[in-house]
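Engineer: Below are the chains, spelled out letter by letter.
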Amino acid sequence: MIPLLPLMIMTWISGSLVAFFGYSAAPVFFMIVSGLAFVPYLREHKRLSLMIVPFIIFICGFFYTEWDMTRQGSALTGQETFVEARLDESMSLTSSGRRWSGVFATEDNEKIAVFIKADDQSSKAPVRPGETCRFEAELTKPDPPSNPYGFDYAGYLLRENIYWTATVNPDTLSCIDKNPNMMDRLKRMRETGIEKMTSGKSARSEEAAPLLAALVFGERQLIDEARLNQYQALGVIHLLAVSGLHVAFLSGALYYLLLRLTLTREQAETALLATMPLYIVIAGGAPSVTRAVLTLMIFIVFKKLGFRIKGIEAVSLIAALLLLSDPQLLLHMGFQLSFLTTAALLISKNWLTDGNRIQQLLKVTVTAQIVSAPVLIAQTYELSILAVCANAVMVPLVTLILLPLAFIIAGINALFGQSPEWLWALASAAAKMMDSFLEMLASVPWHAAVLGAPDEWQLILWLFAASLSLVLIERKKYVTAILILTTVFFVHFFSPFFNSDARITMLDVGQGDAILIELPRREEIILIDTGGAPVFDADDPEKSGVKGPGIRAIEPFLRGEGIRRIDTLLLTHGHQDHVGDACDVSKTVRIERVLYPAVLPVSETGKEALACLQEQGVPIEPGKYGQKWQTGSSSFRLLNPQGDELEENDRSIVMAAAIEDVRFLFTGDIEEEIEQRLVEDDEPLKADVLKVGHHGSLSSTTEPFLTAVDPSAALIPVGEGNRYGHPSEEVLNRLTDADVDIYRTDTDGAVTVTVKDGRFQAETYLETK
Amino acid sequence: MNTHCLYCDARIEAELSWAGLFGFCGVQAGAAFCADCRGRLAPIGAVGCTLCGRPADAERAEGGRCRDCVRWERAPSGGEKRVQNRSLYRYNGFMQEVLAQYKYRGDAALAEVFAPELARLGRSFARGYTAVPVPLAPDRLLERGFNQAALLAAGLRPREDLLVRTGTTAGKQSKRGRNARLASVAGCFAAKAQAPGEETVSWGELKIVLVDDLYTTGATLQSIGEVFYQKGVKDVRALTLARAGDVADIDS
Chain A
2 MIPLLPLMIM TWISGSLVAF FGYSAAPVFF MIVSGLAFVP YLREHKRLSL MIVPFIIFIC
62 GFFYTEWDMT RQGSALTGQE TFVEARLDES MSLTSSGRRW SGVFATEDNE KIAVFIKADD
122 QSSKAPVRPG ETCRFEAELT KPDPPSNPYG FDYAGYLLRE NIYWTATVNP DTLSCIDKNP
182 NMMDRLKRMR ETGIEKMTSG KSARSEEAAP LLAALVFGER QLIDEARLNQ YQALGVIHLL
242 AVSGLHVAFL SGALYYLLLR LTLTREQAET ALLATMPLYI VIAGGAPSVT RAVLTLMIFI
302 VFKKLGFRIK GIEAVSLIAA LLLLSDPQLL LHMGFQLSFL TTAALLISKN WLTDGNRIQQ
362 LLKVTVTAQI VSAPVLIAQT YELSILAVCA NAVMVPLVTL ILLPLAFIIA GINALFGQSP
422 EWLWALASAA AKMMDSFLEM LASVPWHAAV LGAPDEWQLI LWLFAASLSL VLIERKKYVT
482 AILILTTVFF VHFFSPFFNS DARITMLDVG QGDAILIELP RREEIILIDT GGAPVFDADD
542 PEKSGVKGPG IRAIEPFLRG EGIRRIDTLL LTHGHQDHVG DACDVSKTVR IERVLYPAVL
602 PVSETGKEAL ACLQEQGVPI EPGKYGQKWQ TGSSSFRLLN PQGDELEEND RSIVMAAAIE
662 DVRFLFTGDI EEEIEQRLVE DDEPLKADVL KVGHHGSLSS TTEPFLTAVD PSAALIPVGE
722 GNRYGHPSEE VLNRLTDADV DIYRTDTDGA VTVTVKDGRF QAETYLETK
Chain B
1107 MNTHCLYCDA RIEAELSWAG LFGFCGVQAG AAFCADCRGR LAPIGAVGCT LCGRPADAER
1167 AEGGRCRDCV RWERAPSGGE KRVQNRSLYR YNGFMQEVLA QYKYRGDAAL AEVFAPELAR
1227 LGRSFARGYT AVPVPLAPDR LLERGFNQAA LLAAGLRPRE DLLVRTGTTA GKQSKRGRNA
1287 RLASVAGCFA AKAQAPGEET VSWGELKIVL VDDLYTTGAT LQSIGEVFYQ KGVKDVRALT
1347 LARAGDVADI DS
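Chains as they are written, first to last, in this note's numbering: chain A, 2 to 770; chain B, 1107 to 1358.
Mixed in with the good hints there might be a few duds.
[To be verified] Which residues of chain A face chain B? A few of them, derived with a C-beta cut under 7 Å, are:
1. Ile3
2. Ile33
3. Ala38
4. Val40
5. Ile58
6. Ile348
7. Asp436
8. Leu471
9. Val472
[Stated by the list, open to error] Ranges between beta-carbon positions, derived for each pair:
10. A:Phe465 / B:Asp1142: 56 to 62 Å
11. A:Thr265 / B:Asp1142: 28 to 34 Å
12. A:Phe465 / B:Gln1336: 56 to 62 Å
13. B:Asp1142 / A:Val302: 26 to 32 Å
14. B:Arg1226 / A:Arg358: 47 to 53 Å
FYI, nobody ran anything at the bench for these hints, they're computed from the structure. Cβ atoms here follow ideal geometry from the backbone N, Cα and C, with glycine treated the same way.
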């Protein structure tokens, strides 16, 4: 039986979930489970009318969340040019290393995400927490994501109750430090602590410093993004979240130390009660550390009052308190995982405590993996396969070696300014071990399985499988549990192969092309071009070192669609906005072959991309006029190049595709001359959907060509506010006059054409402006 | 639901479990022991003697029979058919205390814990058998206020009308040695062919499972068995709460 308090809070949470997501899989599942957990109470008291209690709590959870949502809104108009605000959280460098970002709060306590250009000479943040600044800035609303499965920055800010971003002109920034409060001082201590750990003379190991900063201060930004992805894919990212482990270690050490200093147990507990909350701020205030510290405090308080409280009651009480203060926390993946796994481990306690240390560690990992699988699959679209293995090695390495070292080094840094060399040497050795172990596991093919965004029914299967297998494991029916989980895994894994629709998606990669063709039943996956940062952007120091616009759109899309292999990468021609991110794509997903225009000499940009692809072991085939292939009921013909073209744009591979009776024409960047040749050569050009040449430039889509193709829909991949003025007004007019529906990435975001039963339908990702 | 242990009266904490979360279990049926007391009971897993139900690890048996049973079968006085017995728990120190509280201190409610368990064992070991609790002598019943065997058999739809106690063993069995026990029970029980207001029992169609609290030498149960066998009953078995007879059990 589940005690009443956690049950009520579960019911409250299901009400809140329904308020956020409506009656979809997860909320309904949560609702049913909390209903079921009441059943024993009903059987005990034999009064159905008792059901009114959970019902009322559910309603309260729902309306509290609804009310909280209506409470939000911005007091700013966006017209403000001068802003006066106080820095709320420490500023941190963005991943490009060129800008500082931080959250400021205005006088009315409205939060704004602020960016300040970094000064090359100094690694010190321009503003410290608690300082009040005046600056000139233009307020902008963050854009919603324009590609499916793309990172929703606007949504992320919204969950933090932030409605505006501002880029500050550093010359106008003036700050004063008027009486910082206790919180500000703590945040500054954190800032100094991180600085001492990671930069300047006191940081003596490049490998260990970012890791130690994550362990003590919950600061992940300094860890390489690729490395973070490895942690995520191997299911060990939780080690970087300051949580129960860290809090238990710190408070245990402190308690022992205080007892040694001849304090009584009661005094030591009071001391912990007074100091541990400070650590929430020092560790960055993530939900996991808040949960852990508050749990500890609740236990101490209840002990002092002479009450006993069960773990599950304490944890659910904290969840309730946090959700009352901010219901939106429920949308935070860290919150979900932290509370779900803690509750799961408490429920599985009897099973977990059985066996030796190693068995226990494995059992903890298995339980945590199972309970977090539906959450992770729903939000990251992949499942870590080697998680149990990775945890078995890394949990002891972190808890026994790195965590103590991290706290000791941070402590010595705070007291004496810097830590001795040998401590750093130890930490460095341990960090190197971690890194090489991560590298080793990450190089194993299938260390993580990309499953794709689950449909509603798939999510229900996962929720069901996870619950059932936990019950079975509790009853020691391991084989059945494994059978159920693997069945659901394979059902999810193979479901795309049963989809009889074809999907052609033009992704929004700014000024550039990237079009993904998924044939029915995954018969063939073709990616036409990869996008890439325009050359003038690559020179811009602010954008160097940041992932290109192509890979930023393509990688999440492949992951969301559950695509694990590209059969054909068609690179139309060697320009940056078409092949720029080819190298990065080949590093994310297996590519079977690359088609590249068979015209010499290959452009410099093209050479670069091809060299990288070759290094990855991707076979490169020349593509030219006359080639054709058939896959299932779809056929493909190449109409260009013929091999004598001089202009790079004119060398573009032109592909005519007939997908389940719907005809497409993909034209790369061809211009007038080639269009004319295609028309004159009497090629069958008729197509239902035309990918307009050269981003809608005036040089392409000529009248005769358009007449020959006679499309009913046109796709234009084009960057918003591009410097070339694409697409040209005249081309748009020609298309409109020919009665063609126009879809363009700058206003529509990604555009998906679905082919079903010989007909097609286009859908834009953004609501058309 | 009882929220306190029937034996030690400690509060029973609701156990967290996944099954409980999904509502398929949770309330223990009626009465319960706390986890501590439950842990001190020693369930008999595998039997070492297929006849008397002695625990597997007690002593090495010949052909599935323990030495006691072999001895019994070889003895000239031994009956032709034996009563096969199964017990739920070993008669360890804790069980001794539980039975003392149950029988001698009159804590009849303890039967509520074990009756369902015996019923469950009965359904697998003696399906289709008629349950007959070992009767008490009338004066003992008066003194105790309840028949401990009848309460334990509650879940098996017991028939107390088939067997009567005709003689009394002077004093308690628990105070006798092995041979004295065997001698003392002879001729103490008689089968009743007809209960008032019911039709005559046709013994030949009947299979009987005797229910008692404790199996020590099996003397009582065996002598009752013989009574029934003589009437023509096809098979007589026995279900008992505890199985004594191993010194090791008493010590633990």
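Engineer: Next, verify each hint and record whether it holds.
Structural biologist: Against the structure, the hints come out as follows:
1. Ile3: holds, 6 Å
2. Ile33: For Ile33 of chain A, the interface hint is violated, since the closest Cβ of chain B sits about 9 Å away, which is over 7 Å.
3. Ala38: holds, 5 Å
4. Val40: Hint on Val40 of chain A: holds, closest Cβ of chain B at ~4 Å, below 7 Å.
5. Ile58: violated, 17 Å
6. Ile348: With a minimum Cβ separation of about 5 Å from chain B (threshold 7 Å), the hint on Ile348 of chain A holds.
7. Asp436: This interface hint is violated because 37 Å lies over the 7 Å limit.
8. Leu471: holds, 4 Å
9. Val472: holds, 4 Å
10. A:Phe465 / B:Asp1142: 56 to 62 Å: This hint is violated: roughly 36 Å between Cβ atoms.
11. A:Thr265 / B:Asp1142: 28 to 34 Å: holds, 31 Å
12. A:Phe465 / B:Gln1336: 56 to 62 Å: holds, 60 Å
13. B:Asp1142 / A:Val302: 26 to 32 Å: For Val302 of chain A against Asp1142 of chain B, whose Cβ atoms are near 28 Å apart, the range 26 to 32 Å holds.
14. B:Arg1226 / A:Arg358: 47 to 53 Å: Since Arg1226 of chain B and Arg358 of chain A have Cβ atoms about 37 Å apart, the given range 47 to 53 Å is violated.
Checked against the numbered hints listed earlier, the structure breaks hints 2, 5, 7, 10 and 14; every other hint is satisfied.
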